[in-house]
Each structure stands twice: as structure tokens, then as C-alpha cells.
Amino acid sequence: MVGSPFHAVDQTATPKNYWQDYCSTLDHSSKLSKVWSTVKSMSGVRSHPTILTLTENNICYDTNSDKAEMFARKFAAVSSDENLSDEFKTRRREFVTISSR
Numbered sequence: 001m002v003g004s005p006f007h008a009v010d011q012t013a014t015p016k017n018y019w020q021d022y023c024s025t026l027d028h029s030s031k032l033s034k035v036w037s038t039v040k041s042m043s044g045v046r047s048h049p050t051i052l053t054l055t056e057n058n059i060c061y062d063t064n065s066d067k068a069e070m071f072a073r074k075f076a077a078v079s080s081d082e083n084l085s086d087e088f089k090t091r092r093r094e095f096v097t098i099s100s101r
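To convert, note that position 74 of the sequence shown is 74 in the working numbering; the numbers rise steadily by one, no gaps.
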């Protein structure tokens, strides 16, 4: 069933053989996004680069989990109502009251 988009290709073969086998499955109905995805995976291009180590107050955050926690703390701090002016908080309360009627 060569040419079928569901044709299985042996990914344990040498890169040259794999590429030849893969190309033999392509036809006019092949999706370009899948072809480019295969090209990128063979070339070692990473679509999700890792975020470098983050440092705050001489503390290093290496893992994605630690980085996410640090981001969440920072986001919560800058998003806090404590950062809003009294005038803004008053207008927001008025808006919510009017909107909920």
C-alpha cells in the first residue's frame, strides 16, 4: 500500500534507508505538515526548546516544575488587587454591580 498516508515506515533503519522508505510513501495527497515534521525530527531540530535555568534571589530554578511555580508566584504578585488603585477598585465594584443586575 505504498503511497498511503498510513504506510508504516521502519524507523530503526539507517537514516538514508529510512528517508528513502519514507519518500516512497509520499504522493500528491501527502500532507506537507507531516513531511516537514518528519524532516525536522530527522534533522534534530527541536520545536520545544528548553527554557534556561532561572535565578531569583540567588536561587536557581532548573526543572520546568520549579520554573512554573516561580512564574505562578510572580504572576500572582503582579496580578494582586494590592497593585490596583483605590479608584480602580471602586469603579470595578460599580461595574460588577451594574453588570449583575
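The set of hints was computed from the structure by calculation and includes no laboratory data. Just to be clear, a hint being listed does not mean it is correct.
[As the list claims (entries may be wrong)] Derived DEER-like restraints, expressed as beta-carbon distance ranges: (1) S29 with C60: 27 to 35 Å; (2) R73 with W19: 33 to 41 Å; (3) C60 with S30: 52 to 60 Å; (4) S100 with S79: 33 to 41 Å.
[Claimed, not checked] With a cut-off of at most 25 Å between alpha-carbon atoms, the simulated SDA-like pairs for lysine to any residue come out as follows: (5) K74 with C60; (6) K16 with T55; (7) K16 with T50; (8) K34 with Q20.
On a predicted model such as this, the values are computed, not experimentally measured, just so you know. Heads up, the beta-carbon is just placed ideally off N, CA and C, and yes, glycines get one too.
Verification of the supplied hints:
1. Taken as a hint, the range 27 to 35 Å is violated for the pair S29 and C60, whose Cβ atoms sit roughly 50 Å apart.
2. Take R73 and W19: their Cβ atoms lie about 47 Å apart, and the range 33 to 41 Å is violated.
3. Distance hint for C60 and S30: a CB-CB separation of about 45 Å, inconsistent with the stated range 52 to 60 Å.
4. The hint said 33 to 41 Å for the Cβ distance between S100 and S79, and at roughly 22 Å that hint is violated.
5. Restraint check: the Cα-Cα separation between K74 and C60 comes to about 15 Å, which is no more than 25 Å; the hinted pair holds.
6. Among the hinted pairs, K16 with T55 is inconsistent with the structure: their alpha-carbon atoms are about 43 Å apart, more than 25 Å.
7. Restraint check for K16 and T50: not satisfied, since their Cα atoms lie roughly 29 Å apart, outside the 25 Å limit.
8. The suggested pairing of K34 with Q20 holds, with an alpha-carbon distance near 16 Å, which does not exceed 25 Å.
Consistency with the previously given hints fails for numbers 1, 2, 3, 4, 6 and 7, ordered from lowest to highest.
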